[in-house]
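Chains as they are written, first to last, in the numbering used here: chain A, 1 to 337; chain B, 1001 to 1393.
By construction, these hints were calculated from the structure, which means they are not laboratory data.
Worth double-checking, as some hints may not be accurate.
Said to hold, decoys possible - Derived DEER-like restraints, expressed as beta-carbon distance ranges: (1) A:PRO289 with B:ALA1294: 41 to 49 Å; (2) A:GLU122 with B:GLY1249: 52 to 60 Å; (3) A:LYS80 with B:PRO1236: 49 to 57 Å.
What you are looking at is a predicted structure, and each value in this text was computed from that prediction instead of being measured.
All C-beta atoms in this analysis are idealised placements derived from N, C-alpha and C, irrespective of residue type, glycine included.
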Amino acid sequence: MTEALLQIKDLEVRYATRAGLVRAVDGVDLEVRRGETLGLVGESGCGKSTLGFSILRLIRPPGEIVGGQIFFGGEDLLQKTEQEMIHVRGKRIAMIFQDPMTCLNPLQRIDDHFIETVRTHEKGVSAREARQRAADLMNKLGIIAGRLMDYPHQLSGGMRQRVMIGLALALNSDLIIADEPTTSLDVIVEAQILELMKGLKRDFSLTMILITHNMGIVAELADRIAVMYAGKLVEVAEAVDLYDEPLHPYTQGLLKSIPNISLEEQKLETMPGSPPDLIEPPTGCRFHPRCPYAMEKCSAIEPPMREVENGHRAACWLYLRSQKRENERQPGRGPWP
Amino acid sequence: MIARERATTLRDVLRQDGLASWFAKGAKWYGTEWYITLVGVLILIVVIGFTLLANRLAPYDPEKFVGQTFSKPGSGVQVIVVRNDSTDVDNPESLVGKTVGVEVNSTAASQLKAIEGVTLKKQPRVKKAFKDLLEGQVDAVVADASVGQQSVDEHPDELKITGQPFGKRFIMGTDNLGRDVFSRILHGADIVLKVALLSAIFSALVGVPLGLLSGFIGGRLDKAVSLVMDSVYSFPGLILAIAMAAMLGPGVLNMAVAISVVYVPTYFRVARGQTLSVKEELYVEAARSLGARAATILRLYVFPNVIPSIVVVFSMNIADAILTEAGLSFLGLGIDPSKPDWGYDLSKGKAFLPGGYWWIITFPGMMIALVTLGFALFGEGLNEILNPRLAES
């Protein structure tokens, strides 16, 4: 469990826009262990999808990966040529996209998608074998093999997402990046897909990065959770720890803003303010303008990522004032009002 | 995509309710104006039928002088042949071996002298020549048009003017050289269609791959190719075609090449624009994430999406190319003048319109309009079928 399959070091991704340079991912360190599901959460525009795309080097101009390293199975993906990356994409790392409605080529049958994907990477496989493999896979995903002959528009959104998942699984990739896989589905289908992914996680012992803004989904699926804010990681922890005891004020805010039907209070807590402009991010800690505990230090110096408890890392001055006072801190929901 | 969904419903309708019901619901098929396509297709079938069956349908050889010749209004005196028998022979050669009455020193006499084997019986007055004809002493009288007409009017039962350039023998008349307009139209369709089709194919073959590559690769290549294409596009079409045709010289192939140069940018623009939009689609991104190569994306994702637009442009382009072809040959930049060609016939015939010979330009002109209309309707209909979003908006 502890072996790191993917190790991201100090990754920086920028988009050159007319308004200026957008630092979408700014010095992120992250590792994904073999067999685990890492939930990557954060608000819209915090850089989590960009992070996912940059692992496959799918960032296109005006975006650019300007620094850092991405080690995957011991090799730095950022040093590979485009030709070498083709053998990584799909074969070793696969991706599931946000919007299944537009992810499939409307002019190709479903089985052609599978045949094309399989034969791109495994030259010796015949179309018949590829189709058979697709049928087996579809069976596991709960779609009858007959639907393979359909065009994408003949499938429902949920079925299309199953097909996308099937395509990602078709080559037994080591790592699957799921970029908000259920965002555009309705809640019933979302529940089905989540159930399916849980099952697959168990059966295939998948290693997965689950990108989402939905704290509920990560709670269902993730083993570990990384919270991103304004292009930076603010907290990384085992899922249980994070839910039990969120350290970073931002994480606390996120968890507070989940509607809970069992609570008596009718008013939902919301975080004041909105995510910062990534062209000119706030100095110091990027969360300080919205943080209820902001200190002088916060606006001046950026807090480093430190391990606060066993395997629970956070970037916040609250926990860095002194390691000595660490033990005095009251356990509980944290200092959010 | 939408087209396919509708195709499914159409199939369902057919399966459930049969053909009669399909016709009842047919008006809603693929938007509103599917029958426009039908009209276009019918016109095209007729014209293409003409081309294929020209040899059988045409009553005369389009290059042979089968009728009476006549000259431009105002240049010289018109001559007519008058007979009293039923043999309806028209061209001057048919008078060989016959005795022909003429007036001394008339235009007719001098023209007939040129033909060997015609026995002339000269009379001092044309009235006497007609008297000979009525008495059967001569086989025919050749006279100036005005005098001849007058005599025929006086004896409508016995005499008649033969070689009428428009009448029951020539349903669309003959041109000034006595060639049958109907036969020329039938044979002319062949050349017009050939040139238009070839030029459309040539420009598609050049424009589409250029547009695909330019849009897909982008960057400097895109800028450079687009610049060239835009400058070609900014030329007035016919002027450019004239320049090209003048450079290349006459001939079917040269004409097709000259016209195709004009239309390459049209295909380029459509293919490039479509490529640019498809390139940004999520399913292309998804394919890339699964390791698809650039060539695969171009072949399986971009190209099939470009085809429907290209088909529409193609048929519209043929309609346009027909007009350009007619324009070129109207200006004499077409093919060998003896070969039947609508545009050329139009330009030759226009000089005779003031003399009342309306049929020489009317029928080729109508054909050009008809074929252009056919292709335009067909293209418009296809556009509605293949791009139904256009019809819905």
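Here's how the hints hold up against the structure:
Take A:PRO289 and B:ALA1294: their Cβ atoms lie about 44 Å apart, and the range 41 to 49 Å holds. For the pair A:GLU122 and B:GLY1249, the supplied restraint of 52 to 60 Å holds, since their beta-carbon distance comes to about 56 Å. For A:LYS80 and B:PRO1236, the Cβ-Cβ distance of about 52 Å falls inside the hinted range of 49 to 57 Å, so the restraint holds.
Checked against the numbered hints above, the structure breaks none of them.
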